[in-house]
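**Student:** Next come the chains, spelled out residue by residue.
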Amino acid sequence: MTDILRILIAPLVWLAAFSSIYGLHGIICAHDVAGGTFGGAQPRAILVGAYGFAILMQVALIIVLYSQRLTSRSGFVRFVSRATGWVGLVATVWSLLPVVVTTYCL
Amino acid sequence: MKALERHRKLTAIWASESGFRGWFSTVNHNDLGRMFLVTAFFFFLVGGLLAMLIRAQLATPHSAFAGPEIYNQIFTMHGTIMMFLFAIPTFEGLAIYLLPKILGTRDLAFPRLTAYGYWCYAFGGSMLLVAMVFGIAPDGGWFMYPPLSGPIYSPGINTDFWLIGITFVEISAIAAAVEITVSILKYRAPGMSLDKMPIFAWYALITALMILTGFPPLILGSVLLEVERAFGFPFFQVELGGDSLLWQHLFWLFGHPEVYIIFLPAAGVISTVLPVMCRTTLLGYGWIVAAAVALAFLSFGLWVHHMFTTGIPHMGLAFFSAASTLVAVPTGVQIFAWIGTMWKGQPELRLPMLHIMGFFCTFVIGGLTGVMVAVVPFDWQAHDTAFITAHLHYVLFGGFVFPIFAGLYYWLPHFTGQRRFFRLGELAFGLVFVGFHVTFLAMHWVGLLGQRRRIPTYAPEDGWTAINLISSVGSFVLAIGIAMILIDVILHALTANRGLRNPWGAGTLEWAMITPAPAYNFASLPHVTSREPLADDPDLAVRLARGEGYLGTPRQDWRETLTVDVATGRPDMHVIYPANTRLPIIMSAITGVFFLSLLLKFYWTVPIAVVGVALLAWKWVWMLGRTDDLPPLPVGKGVVLETAAMSNRSPGWWGSVFLLTANATFFGSLLFGFAFLWTVAPGWPPPTWFVTSPLELGLGILGAVIGPIAMRRAINSNRRGGGALPGLFVALCGVLAVALACVAIMLRTPSPTEHAYGATLFVLGGYGLFHAALGALMVIFLWARVRRGFVSQTRQAELPIVGLWVSYLSAIGTLVLLAAHLPTLLS
Amino acid sequence: MLSGCEGVLSTVDPAGPAARIIATLWWVMLIGAAAIFGLVMVLLVLPFRARSVRDGEVMQVRVWIVGLGLIFPMAILAALLAYGLIVGERLLPRADADIVSVGAQGRRWAWTFTYDEVPGRTTQNNLHIPAGRPVDVAITTADVIHSFWVPRLAGKLDAIPGRSNVLRIEADAPGTYQGLSAEFSGAGYDRFTFTVTAHDAAGWQAFLKGQQP
Chain A
3 MTDILRILIA
13 PLVWLAAFSS
23 IYGLHGIICA
33 HDVAGGTFGG
43 AQPRAILVGA
53 YGFAILMQVA
63 LIIVLYSQRL
73 TSRSGFVRFV
83 SRATGWVGLV
93 ATVWSLLPVV
103 VTTYCL
Chain B
2 MKALERHRKL
12 TAIWASESGF
22 RGWFSTVNHN
32 DLGRMFLVTA
42 FFFFLVGGLL
52 AMLIRAQLAT
62 PHSAFAGPEI
72 YNQIFTMHGT
82 IMMFLFAIPT
92 FEGLAIYLLP
102 KILGTRDLAF
112 PRLTAYGYWC
122 YAFGGSMLLV
132 AMVFGIAPDG
142 GWFMYPPLSG
152 PIYSPGINTD
162 FWLIGITFVE
172 ISAIAAAVEI
182 TVSILKYRAP
192 GMSLDKMPIF
202 AWYALITALM
212 ILTGFPPLIL
222 GSVLLEVERA
232 FGFPFFQVEL
242 GGDSLLWQHL
252 FWLFGHPEVY
262 IIFLPAAGVI
272 STVLPVMCRT
282 TLLGYGWIVA
292 AAVALAFLSF
302 GLWVHHMFTT
312 GIPHMGLAFF
322 SAASTLVAVP
332 TGVQIFAWIG
342 TMWKGQPELR
352 LPMLHIMGFF
362 CTFVIGGLTG
372 VMVAVVPFDW
382 QAHDTAFITA
392 HLHYVLFGGF
402 VFPIFAGLYY
412 WLPHFTGQRR
422 FFRLGELAFG
432 LVFVGFHVTF
442 LAMHWVGLLG
452 QRRRIPTYAP
462 EDGWTAINLI
472 SSVGSFVLAI
482 GIAMILIDVI
492 LHALTANRGL
502 RNPWGAGTLE
512 WAMITPAPAY
522 NFASLPHVTS
532 REPLADDPDL
542 AVRLARGEGY
552 LGTPRQDWRE
562 TLTVDVATGR
572 PDMHVIYPAN
582 TRLPIIMSAI
592 TGVFFLSLLL
602 KFYWTVPIAV
612 VGVALLAWKW
622 VWMLGRTDDL
632 PPLPVGKGVV
642 LETAAMSNRS
652 PGWWGSVFLL
662 TANATFFGSL
672 LFGFAFLWTV
682 APGWPPPTWF
692 VTSPLELGLG
702 ILGAVIGPIA
712 MRRAINSNRR
722 GGGALPGLFV
732 ALCGVLAVAL
742 ACVAIMLRTP
752 SPTEHAYGAT
762 LFVLGGYGLF
772 HAALGALMVI
782 FLWARVRRGF
792 VSQTRQAELP
802 IVGLWVSYLS
812 AIGTLVLLAA
822 HLPTLLS
Chain C
-19 MLSGCEGVLS
-9 TVDPAGPAAR
1 IIATLWWVML
11 IGAAAIFGLV
21 MVLLVLPFRA
31 RSVRDGEVMQ
41 VRVWIVGLGL
51 IFPMAILAAL
61 LAYGLIVGER
71 LLPRADADIV
81 SVGAQGRRWA
91 WTFTYDEVPG
101 RTTQNNLHIP
111 AGRPVDVAIT
121 TADVIHSFWV
131 PRLAGKLDAI
141 PGRSNVLRIE
151 ADAPGTYQGL
161 SAEFSGAGYD
171 RFTFTVTAHD
181 AAGWQAFLKG
191 QQP
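Chains A, B and C are the protein sequences, given in the same order.
Mapping of the first sequence onto the working numbering: residues 3 to 108, in sequence order.
Mapping of the second sequence onto the working numbering: residues 2 to 828, in sequence order.
Mapping of the third sequence onto the working numbering: residues -19 to 193, in sequence order.
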C-alpha cells in the first residue's frame, strides 16, 4: 500500500496546492486583504510566496522519491513514482504560473 | 480428480440458481457483469432514441415537432441517460465481468455488493424512465443549474426525479468503485505484483478511485438542492445567504472528473486490444501507468473551465486554462504510446482495429477542440453553443463509444464461445463512422455562427438550416449503423459456430479458461510470473483445468478464493464467499422505498425504510463469520493461509477504508461549501451566529477522543485473550456523547430556512448525528457478535473495522463541532 | 473574408476589437489543429505497410513517448497558453477615461438596459451604445442565470444572481448588432434575444438627451 501512496503523493500535493492557491486568490479578492489582515503585504507577494512554497514542496517530494533510503524496493514503482513526482513539479510550475503573469482580482 | 469432475464440482458450488430466478439471487460476477452491460446498452438505445428526436426537431427551422416543454425534457434526459445510465454502468459491467478473469481469481471482493449495486442501478434508472413515460422528466439541462432548477422556477416534481433518482444510481457507482478498488488491490493471482498487472486493471483501479472522490461532490450538491426544494434551506438562493455558483462548483468538481472516468476505462480497452491487434506488447507500460495517474489527478484541477463565463477573475480562470492545456500532455503520451505500439508491431485491420481507428480519428479531433476551448477568450465565444455540443460528442463518442465497440468485438468470442459467422460488423462500422462525422463535424461551425445549445428551434434567417439538416441526416445513418451492430451481436450469439478459445492470440489470463466462462472462472488459480502469462505458457488453460494451480480441490461446498499483498502479490488470506442470496435485491428495493418516499413526499415511510435498511444491513453482515476457529488452510503449492476472519486487515477493513474515502470527500465538499458561502457568497455575515456552549463542545470533543482510544483498547484486549466488551462499552459512550453534541447543534442553530448559515450548520450537525448513530449501531452489533461467539482471540477481523468507523466519526465530529462553535468562541 | 462566415450572430464576422482578436485566435488554432490532426493521421496509416526494420525499444520510447508524447505537446501548449493569456489580459475591463458604462439586467424574457450617464433612463431589449468607444456592461439578473452575448462584438458573460459581472464590448462602426441570452433558462429561451444599436457620436449625444435618432 505504501507503494501505491508513493505513486499518488506528488500529484495529490499538486491538487491540494492548486486548490488552495485558487481559494487564496478568491479570498483575497472577496475581502480586499491588501494592506489589511496580512500586515500590508501586497496580494501579489502573498500569491507568489504561496507559489514558491508549492514548488519547494514538490522538489522535496522528488528528493524523497529519489533517495536511496526512502524509495521503493520495486523497480517498477520507483519508475512510476518518480515519473508522477515530475508530473507534480511540472504541473505546479505550469498551472500556477498565472500568479506571476496575470492580473489579479479583475 | 479429473478435469471434468473438477469442473462439475466447482460448477455445482459456484453456479447461480437456474432460470430467471437466478437473476434475483445471483452474486456471481459473470452474471452481474452481463446484466450491467445489457441494461447499459438498453439505456444507450433509449438515449439514442432521444437523440433521434432531437435531430428530428432540429432538422428544419420553426419546427413544430415538439414544443419547448417536451423538448427540454428530451435533451435533458438524453444527456442524463448517456452520462449516468449508459457510460458509467458500461464501465462497471465490463470491469465486473473482466477483472476477476484478467487478475486470475475467482470473483470480486464483495459479491453481494455487486448485486446490490446492480439493483440500485436498475431501480434508480427505472425511476427516470417512469418520469419520461409520464412526461414529468427533468427539464433543466443535464447539469440542472439553480435557480432554474430551484424550488421557485422549477416547482414541479421533474427536478426531484433527477436529484433523487441520480443519487440512487450513484450508490451503485460508489459500491462498484469500492468493490473494484479492493478487488484490484487484493484479489489477484499469486505472484501478480503491481508491475505484472494487466494494464486494464491499472486503468480500472485509477477510475474506481476517481469515482470514489469525484462522485461525492455531486451527491452532496444533489442532497443540498433537494433539501432546498423540499424544506426551504436556501443553499443556492443568494437573497438568503446562498449562492447559485456553489452548485456549479460542486457539479463541475464532479463533472470534469466524470468525463475522464468515462475516458480512462476506454483507454484501458485500447491499451489491451491494440497491442494484440498489432501482434506485439504495449510500448511504455510504466509510462502509460504514470500518464493515467497524472490524467486522473489533473482532471480534478480543471472544473472551473466549465465556468469561464461566470465572472470569476482572470487569474482564477488562468489557473484552470493552464491546467486544462496541461492535461493534454498525459493524454498525448498515451496516444503516441499507442501509435508507437502500432509502429513496433504489425497492425492488422481486423474488426476491433477498425473501431480503434475510428477512436483515433474522432478522439484526436475532440481533444484538439478541447484545447481550443481551454483558451479562455475563445471559450467566451464558444461556450453554450453548438461548438461545445460538437466537441463533447467528439470526445465522448470518439473516446468512449468507439473503444467500447472495439472491446465488444474483441471480447464477444469470450462471452459467447462462438466465432463470427455473419460479416455485418465492417459495414456497421462504416455507417457509424460516416454517420457520426456527418452529424457532428459541421456542428462546430454552426456554433461559431451563433447557434446556441438547448434551443428547440431556430429561424431560417439565422443561416443554420443547411448544416442542421445535414446533421440530422447523418444522425439517422449513425442510428442505422448502431442498430446494425446490435443485430450483428445478436446474430453472433444465436448462431452456433464454436470458436477457438484464444482467437486473437492474446497473452492475458481471461483467455486461459473455457468460453463462455464457467461460474468459477478458473478451476485452479495460476501463479503469475509475467505480464503475459498465456504467452509464456500456451498450455496454461489445460493445466489450470487439471487443478495444477492454487485452490484446485473444492473443499466442502465453500466458494473459496485467496487474497494477496497489494504490492508484491504474495498470497496472504484465505477467503470464503457468501452463496446466492436474495438479500441484495431486497435491500435495494427497501433503499428504493426510501428514495421514493422522499420523491413523493410520503415522509412517514422514510423512517420505516431507514430502519428496514439498518435491519437488512445487520443481517447482511451477521451472515458472515463462524463461531469456531478455523486453522490456517492449505491452498496448494505448499502455501498455507490464515482465513480472513483472523486478519486485522480483512477485506471488510479494506472496503471500509475506500468507502470512508468517498465519505470523507463528501464531508470535505460540505466543508468547502461552508467556506465558499462564508467567504464569497453575497449576503454574509448572517444575521445571527450559533452561540457556543463550552459544555456541549467539551462533551463532544471528549466523546470524539475516547471513542477511538476505547476501540483500540478493545482490539488489543481481545488480541491478548481478554474481553473486548469493556472497551466497546466506553466506545459506545463516546459515540453517544458526539451524537448529543451534534443534536444540540441541530436544535440550537439559527433558523435554517432564513439563512444559508443556519442551513449549513443543520446539515453539518445532521451528518455528524448520522455517523454517530451508525457508529453506535456498529458497536452494538460488535457487542452482540462477541456475546454470540463470533469474535474470538483469533477471529479478530471485525473489531478493527468498527474501529475505523469510530475513528472517522471522531475526526468529522470534531470538525463539525469546531465549525459550529469556533466563530462565537473566538470572538 | 470567406462568405460562409457572414451572419448577424457570427463570431467569425467580427465587428468589434474583442470579437476580432478572438476570431484571429480561432483561425490560428484551427490551422494548428488541422496540421496536428494531419500529422497524427499520417502516423496512424503508415505502420499498416509491411516493414522489416524496426527500432529498438529504447529508441521507440525516446521517439514516441518522450519526443512526441511529452516535448511536442508541451512546446505547442506552452505557446498556445501564452497566446491565450495575453489575449485574455487584453480583454479585461481596465479603467479608462473614455469608457461608457451601462447596465444590463436579464429577466425571463426581456433585457432591461440602464445608462450610467442618464440615471433613470431604461430601454427594453435594445441596448444603445456609442460606436468606436469601449462600453462596460454591468450584467445582472432578476431571476435565474442568463448570459449577455453579442457574438459580433465580444465574448459572453453570465448574469449570476446577486452579482454584477462587467463585460467590455466595443463596436467599430455604427449599426445594429444581434444579441442573445446564452444560458438555458426555460421554455422561452430560444426567443430570448436583444439588439445592440451603436450610434455615431452625434447619434449618441442625441440618444443621451432623450431624442429618438
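Please note that the accuracy of each hint is not assured.
[Stated by the list, open to error] The following label-pair restraints were derived from C-beta to C-beta distances:
1) A:Ala47 x B:Gly669: 48 to 54 angstroms
2) B:Arg424 x C:Leu19: 29 to 35 angstroms
3) C:Glu97 x B:Pro688: 33 to 39 angstroms
4) A:His33 x C:Leu26: 45 to 51 angstroms
5) B:Val474 x C:Leu19: 27 to 33 angstroms
To be clear, the hints were calculated from the coordinates, so they are not data collected in a lab.
What you are looking at is a predicted structure, and each value in this text was computed from that prediction instead of being measured.
Ideal Cβ placement from N, Cα and C applies to all residues, glycine included.
**Student:** Decide, hint by hint, whether the structure agrees.
**Tutor:** Right, here's what the structure says about each hint:
1. A:Ala47 x B:Gly669: 48 to 54 angstroms: violated, 29 angstroms
2. B:Arg424 x C:Leu19: 29 to 35 angstroms: holds, 33 angstroms
3. C:Glu97 x B:Pro688: 33 to 39 angstroms: holds, 37 angstroms
4. A:His33 x C:Leu26: 45 to 51 angstroms: Between A:His33 and C:Leu26, where Cβ atoms are some 58 angstroms apart, the hint is violated.
5. B:Val474 x C:Leu19: 27 to 33 angstroms: Between B:Val474 and C:Leu19, where Cβ atoms are some 31 angstroms apart, the hint holds.
Consistency note: the structure conflicts with the earlier hints numbered 1, 4.
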